[in-house]
Amino acid sequence: MVMMLGWLTQPALFVSTVLRYNMIAMTQLDHLVLTVKDIPTSVAFYTHFLGMEKQEFAGGRIALNFGQQKINLHQWQHEFEPKAGHVQPGSADLCFITNTPIQEVATWFTQCGIEIEEGPVQRTGATGPILSVYIRDPDMNLIEVANRF
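Under full-length UniProt numbering, the letters of the sequence shown match residues 1 to 149, in that order.
Do not take every clue at face value.
[To be verified] Below are the DSS-like pairs computed for lysine-lysine, each with C-alpha atoms no more than 25 Å apart in a straight line:
#, residue 1, residue 2
1, Lys70, Lys83
2, Lys83, Lys54
3, Lys83, Lys37
4, Lys37, Lys54
Because the hints were derived from the structure by calculation, they are not lab data.
All values reported here derive from a predicted model rather than from experimental measurement.
Put together the whole structure using the sequences plus the hints.
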């Protein structure tokens, strides 16, 4: 068995151990954290333009729910612990899948005054081909909205 520090000094040993024993297997993403400059602005963007739902937790924590996932929002320079090593607003690149036809999504964004950076364009998603449009959120994170086909 590889000890915690062993993978740092002997990465090949770590990889071979994991491949040999198949210790764990991930099944889905439960949540991720976005560090943002202004939580109310981010909540307004994600709820109004992307249809997510705001959820409030004890201690002032805010999340955005969609499907079976959520995005926890952390206020930049006031993050909850533990946190990532180098938090920075605007460093995320996220892809969301929707059942709304992508041309309707593009029309919605245009009508709302949201600039489409690219798309619709074909890409490769986690389970196969997707048709995507790209926009930016208020922190300049790259947001991809896509349909599977």
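Q: Against the earlier hints, flag every one the structure doesn't satisfy and list their numbers going up.
A: The structure breaks none of the hints.
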